[in-house]
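Keeping their order, the protein sequence lines are chains A, B and C.
So the first sequence is numbered by this note's numbering: it starts at 1 and just counts up by one.
So the second sequence is numbered by this note's numbering: it starts at 1 and just counts up by one.
So the third sequence is numbered by this note's numbering: it starts at 1 and just counts up by one.
In short, the hints are calculated from the structure, not lab data.
Careful: at least some of the hints might be erroneous.
[Unchecked claim] Below, in silico cross-link-like pairs of lysine-lysine (DSSO-like), each with a Cα-Cα straight-line distance of 27 Å or less:
1. B:K68 - C:K191
2. B:K67 - C:K191
3. B:K112 - C:K191
4. B:K220 - B:K10
5. B:K175 - B:K220
6. C:K94 - A:K302
7. B:K68 - B:K216
8. B:K220 - B:K158
9. B:K220 - B:K233
10. B:K158 - B:K175
11. B:K109 - B:K68
12. B:K132 - B:K67
13. B:K208 - B:K224
14. C:K94 - A:K201
15. B:K158 - B:K10
16. B:K109 - C:K191
17. B:K10 - B:K175
18. B:K10 - B:K233
19. B:K132 - B:K68
20. B:K204 - B:K158
21. C:K191 - B:K114
22. C:K191 - A:K201
23. B:K68 - B:K204
24. B:K204 - B:K233
25. A:K293 - A:K175
26. C:K94 - A:K293
27. B:K208 - B:K158
28. A:K293 - C:K191
29. B:K175 - B:K224
30. B:K208 - B:K67
A quick note: this is a predicted structure, and the numbers were derived from the prediction, not measured.
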Amino acid sequence: MKFLRSGRLYGIVLVMLALISLPYWASRYWVLVMLLFSINLALSEMWNLLAGYSGLVSLGQQAFIGLGGYALAVFSLYYGLPIWLSIIIGGTVSVIFALLISAPIFRMRGVYFAIGTWTVAETLRILFSNWKYVGYGMGLFVKPAYKLSFNTIYFTALGAGIASVALVYFLLRSKLGLGLMAIRDEETASETLGVDIFRCKLTCFLISAGVTGAVSGVLYLHNIFIQPYSAFGIDWTVRLVFITVIGGIGTIEGPIIGSFIYVFLHQWLSDYPSVSLLILGVIAIGVILVAPKGIMGTIQDKLGFEFLSPRRK
Amino acid sequence: MAGTFLRVEKIDVFYHDFHALWDVSIEVEEGLVVSIIGANGAGKSTLLNSIAGVLRPSTGVIEFGGKKINGLMPYQTVSEGISMVPEGRRMFPRLTVLENLEVGCYIPKARKRKDEVLRRIYELFPILGERKNQFSSTLSGGEQQMLAIGRALMCEPKLILFDEISLGLSPLIIKNIYQTVRQINSEGRITALLVEQDIQRSLKAAHKVYIMQSGKIRLKGIPKDLSQEEIRKAYFGL
Amino acid sequence: MLSFLAELKGPIVNGLLLGGLYGIIGIGMSMIFGIVRMVNLAHGDLVILASYLSLVTMVYFHISPLITLILVIPVMCLIGFVIQYYLLNRVLGKGMNPPLLVAFGLSIILQNLLLLIFTPDARALLTSISVQTIPVGDFLNLPVVYLVDFIGSIVTIALLSRFFNRTYLGKAIRAASDDEGAAQLMGINTKTIYAIAMGLATGTAGVAGILVGMTFTFYPHTGPEYLIIAFGVVIVGGLGSLLGTFLGGLILGLAQLLGAHFLGPGFQLLSGYIILLLVLTFKPTGLFAKG
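Here chain A stands alone, though its shape is the one from the complex (with noise of 0.2 Å):
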């Protein structure tokens, strides 16, 4: 209970009401930033997941994204299906997949995992190009999200975004969390403990499976329009890996700030996507020299203390 009296809470809360009541008082462009931030929130996070927490460096999210934004698109323009079911379709439909393709691709380790998910990833691309019930190449409309306001969607991608870090968090604290904690620290000895490495990573991974697709529909509702090329593309991927490293990989604030830096610098230069693109993959190596563990990760390891700490007390 000493969390409950913790000054962290009321920051915690403070902030969480100046989010909810945003579109009252701030001005649309910053409810967008702000919905943005939240959609690369949840998607880091989760990357942050495999790559921080369960040593599971993927290229191959965008799979995810586009199987989401997809089964949102064709559940309720094709099914009539209502939203909100059309996107924990999606989730299903990406945890579906992950499970389908958990067993080759567990078996890949270290980087051949990493390129086989993106292989994974490039597979579907060309999947659906060729498929004549998506539209091939041409993409689709969301057309039932026209109808909906954008502050709903603002508050779905909040809630999102606000709920993938307590996703995140509450998942470290738990019996899970402990097995990937000792698997982080020393993995082979771990095993020795009992640890079950491989469930341990398939449930961070079918998890993360499933939460990328559902946020990615949540992100189809602002996009409206998806095509194979962008949904099931790398550029996904280097979002997040940059978000996730230069805020702090391992951490659960490293995608806070990580996302913040991103979507900053991406409406700064939004003129300019290319220089923006570039200025993060400067920062991102400069980070990786000088601080590996991001930014997060360096003030943890200079101040000793975590703000969201998943530790039992």
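Given chain A's structure and the hints, the job is docking chains B and C onto it.
What follows is chains B and C alone, placed relative to chain A:
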């Protein structure tokens, strides 16, 4: 007395936080076979690695031929005339016997004399000549040891550091190897610094011995002058 | 039956020739993977960088792409050396992720740099041979440029093989990749050796880039496509041998074109990916892996 005089003076060496060598000093005169004896973990290999440049002493000085060498990288000590036969042989498994030897004379001044030196190595170790185009990973333990020594000889060093060359080998092969070491020393006039766990072997082969225990030098002297009792006490740190 | 086979002769021959090109694309990655135990995620972008370098040189000096080799190869070697010596050497000891991520960052920087400098327009290194074909007998038309790619690939790989087997530097590189510590004891400065190896690898990327540019159109973002191809070649062919990598290229090329023949042109890349995924799953060390 410059030349190949090796002087290690009061060095302390750390492996991360572990204090491996305490105030260690040794002197190796030119043309001698000097042996460092000690049990596992006594610090013998650490000492050799510090001389070779693999480890850096935090205090103290290592001089060779009057020149300070502590602080040099391993690839630089070779140019100074110090060669090492590392613990465990450390073959290049995907290279042939001949290629292993050739890599041994990588430094420019050794390359010119490669063919002549190679001929002498084949005289010393005929089996290497027979197997010269085989991959080094196919050699037996004893043959690998010979290759490691041959490789160390290729750059015509003035001082060779031998790290536990009898490990994992049968007594007969060990006897042959030590004979070769003596031969290299007497005919080739190469100074040898040997690290060994086997006490008797060392006493027989060396002109001078040091006994180490727990990172410190406990005893030094000429083999025939040391008593079994003294040696035993130093070896076990009693 | 015979006519079925006769139908296949086109895809088979073209697949093999294309495979030669894939082989040279993969060689650089194979070298780095085998020597420094690192996957250079920027390899594909380095290939495309070379294509653009060749383009610039071609236009500036009014020479044909093959002549630009004279300038492009040394420049690419230098770039590779610098990247390894000042950047990658610094992160090499620090676990598996940092080198991957640095290379990833480099990849993105390269792509966007090229985008800014050259715009997203499609480019090609056009020469007279780009559209020529040579008739073989009366049943086959070989695109000349594929033939040039194949020959260029073989020549480069043969030269590399000579280098690794006959020169001190080549043997030193192999020794350093077997056992870095022992190599140091031989007088080999492994930091510099790794940088030289990387320089060689990007040199081959230079050759590959010119050949690629002559064969296909390229954009600033084409890099990752060739990265996957390179990786496919290396994985399928296995580590540790130049010949294996070359064979891996042939297999990949064959798979792609046969796949395109049977499933349609949109599935050319896909066939390659399927082969890659299969090998990754069942025999990640590759089909021709050495010891």
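Evaluation of the provided hints:
Distance check on the hinted pair: B:K68 and C:K191 sit about 23 Å apart at the alpha-carbon level, within 27 Å; holds. For the given pair, B:K67 sits about 25 Å from C:K191 by alpha-carbon distance, which is consistent with the 27 Å threshold. As the CA atoms of B:K112 and C:K191 are separated by approximately 24 Å, the hinted pair is consistent with the 27 Å bound. A threshold of 27 Å between alpha carbons decides the hint, and for B:K220 with B:K10 the separation of about 15 Å falls inside it, so the pair holds.
Between B:K175 and B:K220, the direct Cα distance comes to roughly 24 Å. Compliance with the 27 Å bound is thereby established for this hinted pair. Between C:K94 and A:K302, the direct Cα distance comes to roughly 20 Å. Compliance with the 27 Å bound is thereby established for this hinted pair. Our distance criterion of 27 Å between C-alpha atoms is met by B:K68 and B:K216, whose separation comes to about 22 Å. The straight-line distance between the Cα atoms of B:K220 and B:K158 is roughly 23 Å, inside the 27 Å bound, and the hint therefore holds.
Under the criterion of a C-alpha separation no larger than 27 Å, the hint pairing B:K220 with B:K233 is consistent with the structure, at around 12 Å. Taking the CA atoms of B:K158 and B:K175, the gap is about 23 Å. The hint holds against a cut of 27 Å. A distance of roughly 21 Å separates the Cα atoms of B:K109 and B:K68; the hinted pair therefore holds under the 27 Å criterion. Under the criterion of a C-alpha separation no larger than 27 Å, the hint pairing B:K132 with B:K67 is inconsistent with the structure, at around 37 Å.
A hinted pair counts as satisfied when its Cα atoms are at most 27 Å apart, and B:K208 with B:K224 qualifies at roughly 9 Å. Distance hint between C:K94 and A:K201 is fulfilled; the C-alpha atoms sit about 23 Å from each other, no more than 27 Å. A hinted pair counts as satisfied when its Cα atoms are at most 27 Å apart, and B:K158 with B:K10 qualifies at roughly 23 Å. Among the hinted pairs, B:K109 with C:K191 is consistent with the structure: their alpha-carbon atoms are about 21 Å apart, no more than 27 Å.
A hinted pair counts as satisfied when its Cα atoms are at most 27 Å apart, and B:K10 with B:K175 does not qualify at roughly 34 Å. Restraint check: the Cα-Cα separation between B:K10 and B:K233 comes to about 22 Å, which is no more than 27 Å; the hinted pair holds. For the hint linking B:K132 to B:K68, the alpha-carbon distance of about 37 Å lies beyond 27 Å, and the restraint is violated. Of the pairs offered as hints, the one joining B:K204 and B:K158 holds, with about 22 Å between alpha carbons and a cut-off of 27 Å not exceeded.
Among the hinted pairs, C:K191 with B:K114 is consistent with the structure: their alpha-carbon atoms are about 25 Å apart, no more than 27 Å. A hinted pair counts as satisfied when its Cα atoms are at most 27 Å apart, and C:K191 with A:K201 does not qualify at roughly 36 Å. For a cut-off of 27 Å, the pair hint linking B:K68 to B:K204 is broken: about 31 Å separates their Cα positions. Between the alpha carbons of B:K204 and B:K233 the distance comes to roughly 19 Å, so the proposed pair stays at or under 27 Å and holds.
For the hint pairing A:K293 with A:K175, the CA-to-CA distance comes to about 25 Å; that is within 27 Å, so the pair holds. With a CA separation close to 12 Å, the supplied pair C:K94 and A:K293 stays within the 27 Å bound. Only pairs whose Cα atoms come within 27 Å are accepted, and B:K208 paired with B:K158 is accepted, the gap being roughly 18 Å. Restraint check: the Cα-Cα separation between A:K293 and C:K191 comes to about 25 Å, which is no more than 27 Å; the hinted pair holds.
In summary, the hint linking B:K175 to B:K224 is supported, as the alpha carbons are separated by about 20 Å, within the 27 Å threshold. Taking the CA atoms of B:K208 and B:K67, the gap is near 23 Å; set against the 27 Å cutoff, the hint holds.
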